[in-house]
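Please take these sequences and the hints and turn them into a complete structure.
There are 4 protein chains.
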Amino acid sequence: MVKLPALASDAVLKKSADISNFTKVEGINYADDSAYNMKATDLIAAMKTMGFQASSVATACVIITEMDSWRGKHIDDLPEHERTGMFDETGVQRATVFLGFTSNLISSGLRDTLRYLVQHKKVSAIVATAGGIEEDLIKCLAPTYLGEFTLPGSALRDQGLNRIGNLLVPNENYCKFEEWIVPVLDRVLEEQDRAIAELGPEALHADSPAVWTPSRLVDRLGQEIDDELSVLYWAHRNKIPIFCPALTDGSIGDMLFFHTFKASPRRLHLDIVSDIRRINSMAMDASRAGMIILGGGLVKHHICNACLMRNGADWAVYINTGQEFDGSDAGARPDEAISWGKIKADAKSVKVYADVTTVWPLIVAATFAATRPAAV
Amino acid sequence: MVKLPALASDAVLKKSADISNFTKVEGINYADDSAYNMKATDLIAAMKTMGFQASSVATACVIITEMDSWRGKHIDDLPEHERTGMFDETGVQRATVFLGFTSNLISSGLRDTLRYLVQHKKVSAIVATAGGIEEDLIKCLAPTYLGEFTLPGSALRDQGLNRIGNLLVPNENYCKFEEWIVPVLDRVLEEQDRAIAELGPEALHADSPAVWTPSRLVDRLGQEIDDELSVLYWAHRNKIPIFCPALTDGSIGDMLFFHTFKASPRRLHLDIVSDIRRINSMAMDASRAGMIILGGGLVKHHICNACLMRNGADWAVYINTGQEFDGSDAGARPDEAISWGKIKADAKSVKVYADVTTVWPLIVAATFAATRPAAV
Amino acid sequence: MVKLPALASDAVLKKSADISNFTKVEGINYADDSAYNMKATDLIAAMKTMGFQASSVATACVIITEMDSWRGKHIDDLPEHERTGMFDETGVQRATVFLGFTSNLISSGLRDTLRYLVQHKKVSAIVATAGGIEEDLIKCLAPTYLGEFTLPGSALRDQGLNRIGNLLVPNENYCKFEEWIVPVLDRVLEEQDRAIAELGPEALHADSPAVWTPSRLVDRLGQEIDDELSVLYWAHRNKIPIFCPALTDGSIGDMLFFHTFKASPRRLHLDIVSDIRRINSMAMDASRAGMIILGGGLVKHHICNACLMRNGADWAVYINTGQEFDGSDAGARPDEAISWGKIKADAKSVKVYADVTTVWPLIVAATFAATRPAAV
Amino acid sequence: MVKLPALASDAVLKKSADISNFTKVEGINYADDSAYNMKATDLIAAMKTMGFQASSVATACVIITEMDSWRGKHIDDLPEHERTGMFDETGVQRATVFLGFTSNLISSGLRDTLRYLVQHKKVSAIVATAGGIEEDLIKCLAPTYLGEFTLPGSALRDQGLNRIGNLLVPNENYCKFEEWIVPVLDRVLEEQDRAIAELGPEALHADSPAVWTPSRLVDRLGQEIDDELSVLYWAHRNKIPIFCPALTDGSIGDMLFFHTFKASPRRLHLDIVSDIRRINSMAMDASRAGMIILGGGLVKHHICNACLMRNGADWAVYINTGQEFDGSDAGARPDEAISWGKIKADAKSVKVYADVTTVWPLIVAATFAATRPAAV
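Chains as they are written, first to last, in numbering that gives the first Met the number 0: chain A, 0 to 375; chain B, 0 to 375; chain C, 0 to 375; chain D, 0 to 375.
Please keep in mind that the hints were generated in silico from the structure rather than gathered at the bench. Treat the hints with caution; some may be incorrect.
Since the list can't tell identical chains apart, any single copy or any two copies may satisfy a pair.
Straight-line alpha carbon distances no greater than 30 Å define the calculated DSSO-like cross-link-like pairs of lysine-lysine that follow [as the list claims (entries may be wrong)]:
hint : residue 1 : residue 2
1    : 347       : 238
2    : 23        : 38
3    : 261       : 175
4    : 120       : 38
5    : 38        : 347
6    : 38        : 121
7    : 175       : 238
8    : 121       : 238
9    : 175       : 47
10   : 120       : 47
11   : 2         : 38
12   : 47        : 23
13   : 175       : 14
14   : 121       : 47
15   : 238       : 2
16   : 2         : 72
17   : 2         : 175
18   : 47        : 347
19   : 23        : 120
Values in this document were obtained by computation on a predicted structure and should not be read as measured data.
Written out as structure tokens, the structure reads:
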């Protein structure tokens with residue numbers, strides 16, 4: 000071959016359509032003073048046009064700001080049957096925001112950021128896994144420590160140190176938790192049995208005080224812990240329900256299990272049907288619905304499923320490390336949820352592929368905590 | 000620099016310890032006739048010394064074979080209080096094997112392989128998520144189809160086609176499911192209320208027939224579906240409990256939610272405390288315990304947590320795509336569970352980093368299905 | 000809310016389009032005798048309809064079979080200028096198959112499978128990284144061993160044991176490699192300098208024997224090693240070029256570096272321009288082009304880039320663990336390559352998300368090694 | 000079982016060692032004013048104790064600050080043979096910092112941040128892939144645009160739009176690149192051939208001006224582009240070599256390929272042996288060596304391999320999304336490099352598991368760009 004075939008040059012030097020009206024990829028302009036020790040909002044503004052997940056992080060901020068600031072009509076201007084969902088302090092409709100997080104985020108230092116959101120009523124309902132409940136309570140009793148991913152399990156077990164990624168929780172913390180929770184479970188069982196005795200055959204009817212659910216127990220735990228550092232405390236105080244259908248799947252489950260022996264033949268029950276009624280009703284009642292889902296698994300599916308009841312959420316932000324190729328719900332993109340009617344076709348949605356701890360502090364600093372809220 | 004410094008040559012040509020007694024990396028010997036259109040056991044034997052995840056897949060087979068074939072004493076040789084756990088058909092102790100899987104695996108063609116294990120009593124208990132229950136039932140009513148990961152959600156929603164990775168489930172299937180399950184829920188509610196009426200204040204005591212749990216409802220669904228292609232059917236028939244603490248988190252939850260309106264003010268309840276008692280008891284009763292966990296999230300944690308009650312499982316096989324760097328339980332290696340006492344320090348364990356569908360058919364073919372079992 | 004709003008039931012029970020002509024998800028039929036200790040082709044046939052990556056693995060087999068078996072015209076029926084590309088032993092056109100693999104696969108037990116492909120002329124050209132060249136040679140001198148991912152680096156360095164994932168290579172192996180390769184480099188340098196002296200100012204012209212390239216040096220190494228267990232040996236013998244533009248990036252680079260001191264002021268040169276001419280020409284000359292790319296990074300991009308010269312490959316199989324979210328070429332799906340003209344729009348392509356070692360032995364067993372080839 | 004066996008309570012309530020001297024997990028204190036619209040250094044300080052990858056991001060900042068600020072002796076206090084490596088403007092030893100990045104980062108908005116580092120001499124040498132060279136040049140000729148990961152390849156090809164993740168590069172940009180680079184290649188070839196003619200048989204000796212290498216050509220391209228927005232421009236101006244052993248693997252390779260036809264029978268050659276001599280010498284000459292590696296593949300291995308020549312780097316920061324389970328070098332943790340002698344056993348090192356774009360802007364803002372440097 001002595002001459003370059005046209006095939007090759009045509010393939011390489013193919014002409015292209017004009018897309019000069021598209022957004023140009025751009026980065027930080029270091030000529031600006033704001034490019035040094037950057038502030039969260041400036042960093043996010045610059046990341047918007049960087050591409051890859053930097054752009055996704057910035058899009059997450061846009062969506063969160065929109066769901067946080069959306070306002071509808073004043074309650075007085077609504078017909079009776081539409082006076083549902085969330086309202087701001089002036090009586091104007093706002094979005095119902097569902098926040099989901101996996102338990103490891105409560106174990107991590109993100110707990111303070113999650114509490115901040117609950118304390119300042121930035122979210123309307125929470126879905127968590129059991130560890131996300133108990134670790135919040137346990138941290139009120141004793142601290143969690145930094146460790147390393149590579150510490151050998153056998154040596155740690157000998158020392159009674161439980162590893163969560165690069166964190167360590169001394170087993171002593173769970174002993175303290177047991178001491179704290181057993182009296183609470185005793186009281187709750189007492190209340191259950193008293194209500195059954197009083198109500199008779201109607202004890203298990205809808206909204207019966209004899210029926211304890213995960214969300215009701217979690218609310219009580221938040222009341223009992225009475226600690227301003229706790230997510231559960233503020234959820235109780237601000238009437239933000241925390242749903243945890245598999246509440247038995249963790250240390251709380253261990254304690255409930257132990258309690259079945261202590262209380263036998265009496266037994267506390269936790270009903271999950273009443274909680275599905277409750278969360279689904281919140282989704283249906285919402286004037287607008289937003290989802291912020293940190294991590295995958297149950298917390299992701301549960302919020303999406305509730306939003307199916309309203310034919311889809313209006314905003315969705317997913318942040319996790321799951322991938323779609325294995326067909327897991329954890330890894331599914333928002334577009335899969337659209338096929339199910341869990342996110343509206345015209346909703347704004349984004350998935351950020353990241354360990355939540357790397358991006359959530361920045362995202363909150365540039366949105367919910369861009370300015371200090373008025374004192375609570 | 001005109002002469003090579005000793006530093007560089009010393010660093011590159013450093014002497015090494017003798018490890019000629021270690022296993023050599025080797026592959027397939029294509030001189031053998033068995034290297035063509037290989038059989039599962041030959042393939043696994045060759046993969047053992049290939050390294051990376053090929054070795055992990057082969058190790059998983061070794062562990063599974065060991066947990067499947069372990070035998071202890073004859074029941075007649077055991078003191079009364081040790082006559083717990085699983086026994087083979089001749090009365091000899093065998094391991095209690097916990098199988099966990101995420102719902103997508105039932106949606107996939109692995110359902111048949113999972114059913115095979117249940118049909119032939121290869122496992123003792125199952126932990127699944129809600130989708131893993133309902134998709135098994137729904138597949139008895141209508142098929143799931145192959146699609147693609149990239150099909151756009153909005154167009155699919157218009158056509159009522161729900162996407163699960165590269166699978167499609169027509170929404171019609173869920174309509175059929177509703178028709179099938181509502182009468183079942185009616186009957187179950189009837190039974191619950193009758194038992195309450197009969198038992199009075201003791202209705203919620205331990206082991207009360209008035210108390211329905213997820214595992215009890217799933218067992219009933221398996222009985223009702225009465226279809227030999229169903230995992231639930233064989234679980235019911237072989238008395239293999241299926242635990243699903245968050246049973247409301249899926250289409251079954253939608254149906255239970257709808258049913259709360261239909262039945263109002265009566266309401267079916269599903270108690271998760273009695274189920275944690277049940278699964279934990281199985282773990283404690285086991286003479287040996289093995290875990291096979293396909294996927295992450297709740298199903299993984301729930302089995303591990305149960306095995307903590309016995310101070311650790313004796314064998315563990317994890318297969319999933321989760322990574323440990325984000326501190327998720329899904330991504331945690333077996334060694335993290337050892338720190339918690341969920342796997343024994345001297346247990347054999349392995350994590351295979353793979354989409355389950357790529358390796359599980361091969362693993363089963365080389366272990367549980369290496370030879371055809373006697374007819375059931 | 001006492002009545003279920005139509006919104007919820009309409010969303011959940013939405014009607015769907017009929018897709019009963021789509022392929023149904025199905026698994027293994029354990030009623031068949033072939034379902035036990037399954038053969039590779041039976042396993043792959045069953046995986047085709049399982050969904051997720053099982054289906055992708057099966058699709059990879061379909062594509063590989065197609066690119067392997069494609070035949071065009073007899074060379075005698077072609078005009079002179081079209082008598083390029085690959086022909087089978089009867090003189091009929093066949094596809095030019097580019098095989099790429101990362102170095103770790105040669106370190107693993109897959110080396111034997113890769114050698115099998117080269118030995119039996121299943122591929123037309125190879126792209127590898129430096130480690131993929133040297134580890135093949137080193138394995139002819141001393142073995143690699145199985146280790147573990149968690150062995151601590153500091154202790155290994157003290158013992159002179161180099162870790163590659165869960166493999167160990169004693170540093171002694173590299174010392175043996177140095178002893179073996181230095182005389183070869185001496186001879187090659189001698190040949191280079193002799194040719195320069197002979198050719199004078201035209202020494203660096205096209206196709207000058209004075210110009211050594213990575214592919215030419217690798218061919219010589221294959222000739223020198225003279226070992227039937229070697230990939231390079233068979234590549235040399237079967238005239239299958241191995242491209243490795245960054246041949247200096249590994250132990251061979253260390254040796255070339257050392258050699259610059261030994262030979263000073265003379266120096267061996269390796270020209271990468273002549274190699275890009277060579278690989279691109281192969282792509283342009285191909286009557287059909289297939290790509291099999293195991294792993295990511297340079298080997299993936301280099302093959303795709305060559306196929307751009309022909310306006311796209313006709314078949315493409317990627318197997319790796321990379322993800323697209325970070326915009327890396329490693330993680331890019333085949334569809335990204337279509338946008339560049341590196342894969343034809345109507346080509347058959349698939350990406351399998353897997354560690355190559357978990358699926359490649361099975362894939363080869365069901366395709367290239369489904370039957371034993373005639374003796375070489 | 001009517002009584003809780005001691006086994007379970009002992010396992011759950013096991014006592015633990017005291018680790019109260021370990022660092023406690025803590026998050027952001029929202030009582031502080033600095034917790035709102037946080038500045039980079041405050042955010043990083045808070046992330047340090049958050050765990051998971053937040054801690055890794057903060058550790059990366061600690062390491063980077065240390066490698067950037069390390070100072071040794073004044074050059075006048077050093078014996079002649081130790082006057083190698085890098086010195087600051089006052090003549091005091093500083094660390095040699097190797098920066099590696101994959102091409103997609105230059106395509107993204109990170110290019111400006113990478114240029115900032117080069118412009119202000121924060122790094123001593125760069126290793127990049129071919130795309131990382133040409134995209135920097137092409138951006139001087141025409142912009143790259145934001146697109147989406149899901150845009151279909153076939154339609155894009157029709158429009159001549161090349162996709163890189165969620166970025167789009169019009170093919171027109173490559174046409175402009177061809178126009179720009181061909182005259183440069185003409186001149187370089189001219190210079191090569193003139194030097195050969197002048198030098199005769201010694202033309203290929205060490206340090207011959209007749210020998211062009213990838214790093215030498217890249218330096219020339221930086222000089223020719225003469226644009227302050229370019230990474231290459233500043234690398235040329237600040238004498239920071241850019242190594243790219245596989246420079247032919249991209250559009251530059253296409254151009255060099257085309258040029259072989261245009262120039263035939265003359266041919267420009269690019270020698271990679273002289274470049275391995277050059278980068279390895281830099282590593283050996285360094286008084287201290289730091290590695291900052293963004294992405295995986297060749298750029299990661301090449302820097303690590305160079306540092307083996309000095310028996311290990313003193314600091315190492317990896318940021319990428321690769322995982323170790325497949326035995327890839329891309330996914331290998333720093334501890335694997337320690338086993339090879341590429342990182343010192345007592346070095347400070349960290350791997351951050353993240354898409355570089357999500358964390359690098361923040362990391363730079365908290366380290367290299369924590370304060371504005373003096374004007375250049």
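Verification of the supplied hints:
| no. | hint | in the structure |
| --- | --- | --- |
| 1 | 347 - 238 | within (28 Å within a copy, 47 Å between copies) |
| 2 | 23 - 38 | both (23 Å within a copy, 26 Å between copies) |
| 3 | 261 - 175 | within (18 Å within a copy, 44 Å between copies) |
| 4 | 120 - 38 | both (24 Å within a copy, 24 Å between copies) |
| 5 | 38 - 347 | both (25 Å within a copy, 28 Å between copies) |
| 6 | 38 - 121 | both (22 Å within a copy, 22 Å between copies) |
| 7 | 175 - 238 | within (27 Å within a copy, 38 Å between copies) |
| 8 | 121 - 238 | within (12 Å within a copy, 47 Å between copies) |
| 9 | 175 - 47 | between (46 Å within a copy, 27 Å between copies) |
| 10 | 120 - 47 | both (27 Å within a copy, 27 Å between copies) |
| 11 | 2 - 38 | neither (56 Å within a copy, 50 Å between copies) |
| 12 | 47 - 23 | within (10 Å within a copy, 34 Å between copies) |
| 13 | 175 - 14 | between (70 Å within a copy, 11 Å between copies) |
| 14 | 121 - 47 | both (24 Å within a copy, 25 Å between copies) |
| 15 | 238 - 2 | between (77 Å within a copy, 25 Å between copies) |
| 16 | 2 - 72 | between (72 Å within a copy, 25 Å between copies) |
| 17 | 2 - 175 | between (81 Å within a copy, 22 Å between copies) |
| 18 | 47 - 347 | within (15 Å within a copy, 32 Å between copies) |
| 19 | 23 - 120 | between (37 Å within a copy, 27 Å between copies) |
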